[in-house]
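Listed below are the residues making up each chain.
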Amino acid sequence: MALDDRKTDFTFVGTRPNRPDGLDKVTGRAKFGADMSAPGMLHGAILRSPHAHARIVKIDTSKAEALKDVKAVVTRADFADVPFKPGLAGEFWNVLENVMAGEKALYDGHAVAAVAATSALAARDALKLIEVEYEVLPHVTDVDKAMAPDAPVIREGAADYSVPEGMHPNVVRYHESGHGDVDAGFAEADLVLEDSFVTEATHQGYIEPHACLGLLGNDGKGELWCTTQGHWIAQKTCAALLGIETSQLRVTASEIGGGFGGKTTVFIEPVALALSRKANRPVKLVMTRSEVFRATGPTASASMDIKIGMKKDGTITAARGEFRLQGGAFPGAPGDMTAMCAFAAYNLTNVKQIGYDVMANRPKQAAYRAPGAPMGAFAVESVIDEMCNKLGLDPIEVRLKNAAHEGTKASYGPRYERIGLVETLEAAKAHPHYSAPLKPGQGRGVSCGFWFNHGGETSVTLALSEDGSAQLMVGTPDIGGSRASMALMAAEVLGIPYENIRVTVADTATLGYNDVSHGSRVTYASGLATIKAARHAVEKLCERAAAKWDIPVEAVKWENGCAVPSGPNAGDFDPMPLADITAKMGRTGGPISGHFEATPEGAGVSFGTHIVDAEVDPETGKTTITRYTVIQDAGKAIHPTYVEGQFQGGAAQGIGWALNEEYIYGEDGRLQNSIFLDYRIPVASDLPMIDTVIVEVPNPGHPFGVRGVGETGIVPPLAAIANAVSNAAGVRMKQLPMSPPRILAALKDNG
Amino acid sequence: MDYHSPASFAEASALAANATGVTRFLAGGTDVLVQLRSELVTPDTLIDIKKIDGVSDITRNADGSWTLGVAATGAEMSEHAELSRDWPGVVEAMDLIGSTQVQGRATLTGNLCNGSPAADSVPAMVAAGVTVSVTGPDGTREVAVEDIPTGPGKTSLSKGEVISAVNIPARGNNAGDAYLRFIPRTEMDIAVVGVGVSLRLDGDTVTEARVSLGAVAPTVLLVEDCAKAIIGSTLDDAALDALAAAASAACNPIDDKRGTIEFRTEVAGVLAKRAAKIAYARAKGEKA
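Sequence lines, in order, name chains A and B. Position one of the first sequence corresponds to residue 1 (my numbering), numbered consecutively onward. Position one of the second sequence corresponds to residue 1 (my numbering), numbered consecutively onward.
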C-alpha cells in the first residue's frame, strides 16, 4: 500500500497511558469466556477418547439420555455433513473431525460425545454412562517414526499434490524453496558443519481455558459468547459445522486470558451450539486444564537437519535445512513456515530449505506465536554459534557480516524493503550486556530471529459523539493492549485526548469482517484501519467547517483537534474545535463517522536479536537464566510499554520452551503431563528481569511506521538460550527442552 | 458421600472403622480436595478432623520435644520462631510445598498420609526422628514416620486408624538438620529427588546422623550407610564422597516424566552432600 503522508512527529503516539481495560481486569469486573450466563442455561461436558488411535465401533448414549438432569447428548451425527467451501478448502472438515471424532479417535483426548445437563456435576456424571466400544489401533506420536515406512497410517488420502511420490501417507504437505547452488557454495567453504536437532511440542499455556456460552434455535439463528482471538472465524466455522447461514450466528468475543495463537480456531464452540440446538436451551462449556492440554492446539514438534558452509572470515557460503514438523492427526504443521523463516535473517547466495508437514496421533496443532519459526531458528542459529566457536569468531560480527538488509533476496524469495536487522545487531553489540564479564559456570548466547508479519482483512468504524468524544469499534480481540494503541492512533489523527476515546471490540453483527488477531497484525492492520477511519471522520469535520465558513473544503485543514483555514488566502477564521462541530452535527448534515474496510498488505517483516546469559550447575544440570536482553525492531512503538511487554513475554515463553516445557507421551500414546504441575512453564522466580531495547526502523507500509511485534520475540529465545547453555556447559545441546536430566546426561557423555 | 466432623480422635477412629467404601480424612484438604475434583478419588466417607480441639496447636514440651496437631499448617510452622530455630530442616521442607495459599492449609500429617514418595516433609521428618501418634480402635500407639508409607499412595495405617499428633524429638545441643530437594524450576514443583539430613557434633566430629532420601524409591528411605559414611568424620571431602556414594547406592528410582533413573541416582548423592554441609554448619551454630 503506497503511502505519501508519512507522519514522524507525534503528540500521543509513543506515550504510555494506562490501558483502558486495566481497571476492569484488576478489579474482576472484566468478563472472560466463563463469566457469561443466561436464563435456563445448561452445562456441557465432553467425553474424550482414552486411546491415541482407535476405531469407534459403537457409541451407546441411552443411559445418559435417560437421566432426568440430562437435556441433550450429541455425537458426530449431530453436526452438518460439511462440504468443502472456497477459501478454506478441506479445513472445515478437519476442524469438524477435530471438534467431534467421526469414524476414528485420532489422539488421546479426542472428543467423541458431549452432554448438556442442568448442572456441571450432572453433566460430568452423565459422561460416565456413555458406553463407547473402541477397536484400538497402532499409534505413532514421534515425527521421525511417523514418516518411517512401517508407521501406522493416520488417514489415507490426506496428502496434497506437493508431496513427492514414495513418501509415507502421514507426510501430507511438502515445501521446497531457495536459490543459488548449495553444493557449489559448500565447496567454497573453509568449514562445513552438519548437525541434527529436535524440539518437543509445547503449549501456549494461556491462563484462561477455552470457555463459551452458545445458544442456537431450530430456526437456525444463534448467539455465541466465547474467548477467542477471532470471532468472525468462529462465526464462519461454527456456521459451516452446524449447517446454518453465517450471518444468522452472532458471535461476541469475551475478554481473553491469553491466546498466543492457540485461540485462532474453535474446539468447544460448535459443540455448545449443537447441544443447545438439541436441548433448545443455552449451553455453557468450560474446558478443564487437562482438556486444554490434551485436546486444544499445542505447537508442532520438530526434527531438523542443518548444513552450513562458512569461510574463515565468517562469510556464509551456503546453507541447507530439512525441517520435519509433526502437527497432530491433521494437515497443518508449519513445515513450510519453518523452512522459509530458518535462514531469513541472512543474505545468502546459495540456500535451500525443505519442509515436511507430518501427521501423528496427537492433538491438531494450532498457531503459537510465529508458528514454526522458533524451531528452525534453534537449529540454524545453534550451528552458526558452533561455527563461530570453531573459527574463533564473534557471534554478532558473523551475523552482521551475513545480515539481510534492504534489497537482499530473502531465503524464501522476495527482496526485502527497508528492514531493521542490522540495527538490532548494532544495538546488541553496543549494549552493556554484551560486554559484561561472565562468572565461572556461565555462558552467553545470541541469536537472531525473523517473522513475516501479516495484514489481513480488517474493518474499523469510528463514530463521534455530540460532546466531542469518540467511539472506536475494532474487530480484533485485544490480546496485547491493542485498545490502548488504537486509542493513541485515533487520538493522534483526531487531536483529542486519549481518554476521550472508547475502544470496543465489536461483535460480528455490528462491524464488517475481521480476520483473527494473529500474524502480529493488530497494531499494524487495525491500527492502519483506525488511522484511515479517523482521517475519514476528519474529512467530514473539515467539510462541516468549510460549509460554516462558506469556503471550499480544500481550504480547510485539521490541526491539533481543530478545523483551521489552510492558509492566509483561505480566510480569517478562528480554529473550530472538534467538539464545536460535533455539538451541531445533527443540524449540519447528521452523524459524523469514519470507517475503513480493506486488506492492508504492507505489514513489514520484523527482526530481533536476543542476548542471554545462562548458568549451568555441573552437578545437577540445572540451568538458571541470569540475564536476558531483547532487541527488536518495532517500526514505530505506538505504546512502548506494551511493545516491551510483547518482547518480555516472548522471552519468558521461550525460556519455558527451551528449558522445561514439553508434551510427554507414554508408550500407550497418552499424554502424561496434562496439568501445570508437570507441564513446567516458568514461574515468576525462574525469570530474570528481561531487559528490552526497542529499535525503530519505520515500516514503509504503515502511516506511522508500525511493524507487528507480537511474534518475532519468540523466535530467537530457543537458540539464544541453547547457545548460552551450550557455552556454559561446554557441550552442544541439540534437543529441547534442555531439562536437567538431558544436560546432566550430555555432561556425562562429554566426560 | 457422607461428611462427618467428629469432636475427638476416638470418634474419628470409630467413624472410619464403621465406614464402608472409600474413606478419607480431611485436614487441610490440599491433596484430598484436589483428588476429589479431578475424580482421582471419590470418597464415600469424608471425616473432617480439623474441628477436633487442639489440632492446630504447636507445643514445646518440658523436655524440649515438640507436639504438633495434625491440622497445624505449613504457614504456622514457618512463622513459629522457636520451632524454626530447633528444626529448620523440617520447617523448610514443609515450607517448600505448594504455593502461599496451599501453605495456609497444608499439614505434615496430610503430606505423610498422601503416601507420595516425593513428599517433601517426609524425608526431613525421617531424618529428624519424628514419630506420629496413631489412634485406632485399640487406643493410641506411637509409630516412626518411616514406618507409615508402604508404597505410592499406600500407608501402614489399618482401617479405623488415624494419625492424631506429630511428635518431634528434643533437638538438644550441637545439632542441626537440613532438607534439600531438586526441582527443575525454583518453586511450585514436585521433588525429583529429596534429601533430609540431621546430625550432632562433638567438636568438629559427627557423632550422630540420620540421612533420608525421597523420590528415589517407592517409599521414603532411611539410609544407614549414609549415616555411617559421615559418623566419626569432620565431614571432610572423603566423608562427603562416601556419603554421596552411599546415597546413590541406596536409590531404587523409576524413569518417569519428572526424571530418569540415572539422574535421580546421581543427584541424590549431590544433594546428600549439600544437605549434610548445611546441617553441619547449623550444628556448629553457623548461619546456613
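Quick caveat, the hints were computed from the structure, so don't treat them as lab data. Treat each hint with caution, since some may be false.
Claimed, not checked - Computed footprint of chain A on chain B, listed as stretches where at least three residues anywhere in the stretch have a Cβ under 8 Å from a Cβ of chain A:
#1 83-93
#2 185-191
Said to hold, decoys possible - Chain B side only, calculated, beta carbon under 8 Å to chain A, not exhaustive:
#3 Cys251
#4 Lys257
#5 Val270
As the structure is a prediction and not an experimental result, all values here were calculated from the model. A virtual CB, placed ideally from N, CA and C, is assigned to each residue, including glycine.
The hints, checked one at a time:
1. 83-93: Three-residue rule not met by the region 83-93 of chain B, so violated; n is 0.
2. 185-191: holds (count 6)
3. Cys251: With Cβ-Cβ at 14 Å, over 8 Å, it is violated.
4. Lys257: 5 Å, holds
5. Val270: 4 Å, holds
Violated hints, in rising order: 1 and 3; the structure is consistent with all others.
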